[in-house]
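Sequence lines, in order, name chains A and B. In this text, residue positions in the first sequence follow my numbering: the first is 226, and each later residue adds one. In this text, residue positions in the second sequence follow my numbering: the first is 1432, and each later residue adds one.
Please keep in mind that the hints were generated in silico from the structure rather than gathered at the bench. One or more of the hints may lead you astray.
Here are the simulated DSS-like cross-link-like pairs (lysine-lysine), alpha carbons at most 27 Å apart as the crow flies [as the list claims (entries may be wrong)]:
1) B:Lys-1699 - A:Lys-355
2) B:Lys-1461 - A:Lys-355
3) B:Lys-1678 - B:Lys-1600
4) B:Lys-1779 - B:Lys-1569
5) B:Lys-1461 - B:Lys-1530
If the Cβ cut is set under 7 Å, some of the chain A residues that face chain B in the computed set are [to be verified]:
6) Ser-228
7) Phe-342
8) His-348
9) Glu-397
10) Pro-484
Label-pair distances were calculated between CB atoms; the ranges are [what the hints assert, rightly or not]:
11) B:Lys-1569 - A:Leu-489: 48 to 54 Å
12) A:Leu-285 - B:Leu-1500: 55 to 61 Å
13) B:Arg-1552 - A:Ile-496: 41 to 47 Å
14) B:Gln-1551 - A:Pro-314: 38 to 44 Å
15) B:Pro-1820 - A:Phe-359: 38 to 44 Å
Quick reminder that beta carbons are idealized off the backbone N, C-alpha and C, glycines included.
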Amino acid sequence: MPSVTLLGQSVLSGIFIGALYGLLGLGLSLSWGMLRQVNLAHFALAFLGGYITFQLSGRLDPFVTLVVTVPLFFVAGMALHWFLSRYAPDMLNTLLVTFGLTSIIEAGIQRIWTADFMRMESHYGDIRWKLGAFYVSFPDLVTLLLAMILCGAMWALIRFTDFGRAARAMTEDAAMAAAFGVNEKRLGYVISGLAAAFAAVAGMCLALTHTLAPVQIYAWMGVVFAAVMIGGLGSAMGPLLAGFLIGVSEALTMAVTAPTWAPLVSFTLLIAIILFRPARF
Amino acid sequence: MTINRRRALAAGGALLSTLALPGALRAQGKPIRIGSSLPLTGPLASLGIIHKVTAEIYVDDLNKRGGLLGRPVEWILRDDQSKPELTRTIYEQLITADKVDLLQSPYATANILAGMGVAQRYNKLLLHTSFGIPRLAKYEMQFPVSGSAFDPENVWPNLIFDAAARLPKPPKTIAIVTSKFPSVHHISAGAREVLKKRGLQSVLDIEYEFGNRDFGPIASRVKDANPDFLWGGTNGIDPVLMLEAMKRIDYRPPGQVHLFPAPGPMLKMPEAQGSLALTTFESHPPFTDDPKIAQFVKVYGERAKEAGIPYTAVDLQSAIMYAAWQVMEAAVSATKSTDDKTLAAWLKKNEVKCLFGTLSWNGPQNYVEGRDLYKVKQLQQGQWKVVHPSEWAAPGAKMV
């Protein structure tokens, strides 16, 4: 019988990894749900963000690197939107084009930083707190807080502002929204820029909590896709909540049964939701 | 034609400089073409680049020494992208289109198995560096050069538990945590049997999928089981991820082994110090007592740095590739032939001294059963040092 400490620590571990799923899923959900662009390159951008953080961390605090990466990625996101709008007009094409782009970014990362594993040395990795029988590490906590703040802020932006109302209208019916004065083109650039900027933040969290290797870009795709689909396309809070659900389910599976079952959890949950709530898709 | 003093001096100078030329310029005739693939991209690329740099150093040196049979050696390398199916195609092309004289090893079990099938179809000799499941190597002209036994699932756990018994606190309880990556999984299956025979107690036995992202719950399970010794059936970056997860819950197993960790990232981790791992070679005496090997270690360090490889010391990976070329050179030189069957027949009857011991192929399926050339290394103050068996231990190194 697993101990309470084991179960509790595993739940915490699931919440922390779920936060990273949510943070990675946020940008993907926005571009997929609102712009109809299935942007596989989002994962490559996140890793690129991680590598840039790693590179700059010798001179700058990892959090300060966001001053460089966030604006840079915002511009890159806008450029990507221009490219996809011009050359990949339908959703399937965006999937194919961004898959190609992922391979190009992966090759670029490998050329600059090699295929070897890179681990960011940071004093933040040594900071942890003991709460009763449980441990919370600083990088995990920061990832959780950033995920909650960014997803919450994006949710509020979509829910309560003119920008959000315009974005929702555009998602619902672009032609009708345009008739009411919504500038679809400009909105598209801003949303795509924001999605890429979120990838930069996710990249910094990846560098803080994980060891980087170009090939790991693909390791996150399946589970984050599941989180986005379970959470709802275009939703800001959905991927985070789904990330928590998947992360905690995976962690508890690893804690009480064979850990080899854990990768099945995300897709089992996805299939269950497709079966019982098909209207979401 | 009149020969004046100036021309005579020039001719004499040319003759002298020809005599003084290195072997590279004396190797003449059609090059001996040796073909292979390596994973230069894809998940195994971080290891493929080590093999590439090593082979380039060896071939450069070989050509400087006069090549093989007085002919220059041309190494034809293709990127198999870490994919067995592409390896199969490449080896087919190397034999039929490039018409190579000899084949050299691809990297990793699945790719070697793919290349072996092609070699068998064309009756070509295949030396291989890193085949994890020897019982699957059924082709009579395949020859392992990694120093591994026919039964690593028996030899390696015994070697590791022998080493662990020399730790300041010899373990009695073991937690087995193993990846399902084929070769390490196979060895861990053997460890279960070996620990029973040695009277050790298993307090945890779990498997996880290779590519696992979250080691938090696994770390918590190990902490909960409280073993004396962690058997990490792990390779690549998994040991680092596992140790980082353990660090987050303020836990460190009293003793631990990780079978084949990526050597670089663990070096600076305080929680990794004292970890054991398997190796064939480390860049310290007695391995480097041979000046030629010491020179290779030096050149490798420089070339690895140029290639952007973070860990620039020669270890298991570069050593097995170097050994593959040593074996090829020895067989071709001894037989004065590049005929695959002649070389295979010679290898079966002879031994080759390589940089980590003496290789022979007179056991089942061209392996040796019950013993091998592997050693146990330990991470001590940011350096990997061989600690067991003692005849290969770094000078002054003790188990900590």
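Taking the Cβ atom of A:Leu-285 and the Cβ atom of B:Leu-1500, is their distance within the range 55 to 61 Å? holds (57 Å)
Does A:His-348 meet its interface restraint, that is, does its C-beta lie within less than 7 Å of any C-beta in chain B? Because about 13 Å separates A:His-348 from the closest Cβ in chain B, which is outside the 7 Å limit, the hint is violated.
Return the status of the interface hint for A:Glu-397: holds when the least beta-carbon distance to chain B is below 7 Å, violated otherwise. violated (35 Å)
Pairwise hint evaluation, B:Lys-1600 against B:Lys-1678, where the allowed Cα distance is 27 Å at most: holds (22 Å)
If you draw a straight line from the CA of B:Lys-1461 to the CA of B:Lys-1530, is it 27 Å or shorter? Distance ~13 Å between B:Lys-1461 and B:Lys-1530 Cα, so the pair holds.
Do the alpha carbons of B:Lys-1699 and A:Lys-355 lie within 27 Å of each other, as the hint requires? holds (24 Å)
Is 38 to 44 Å respected by the C-beta to C-beta distance linking B:Gln-1551 and A:Pro-314? For B:Gln-1551 and A:Pro-314 the Cβ distance comes to about 50 Å; the hint is violated.
Let's test the interface hint: is any C-beta of chain B closer than 7 Å to that of A:Phe-342? Cβ of A:Phe-342 sits 5 Å from chain B, so the hint holds.
C-beta pair B:Lys-1569, A:Leu-489: status relative to the range 48 to 54 Å that was hinted: violated (34 Å)
Does the closest beta carbon of chain B sit nearer than 7 Å to the beta carbon of A:Pro-484? Nearest chain B Cβ about 4 Å off; hint holds.
Given the hint of 41 to 47 Å, check if B:Arg-1552 and A:Ile-496 actually sit that far apart at their C-beta atoms. holds (42 Å)
Checking hints one by one. Is A:Ser-228 an interface residue toward chain B, by the C-beta closer than 7 Å rule? Holds - the Cβ of A:Ser-228 comes within 7 Å of chain B, reaching about 6 Å at its closest.
Of the hints listed earlier, those the structure fails to meet are numbers 2, 8, 9, 11 and 14, in rising order.
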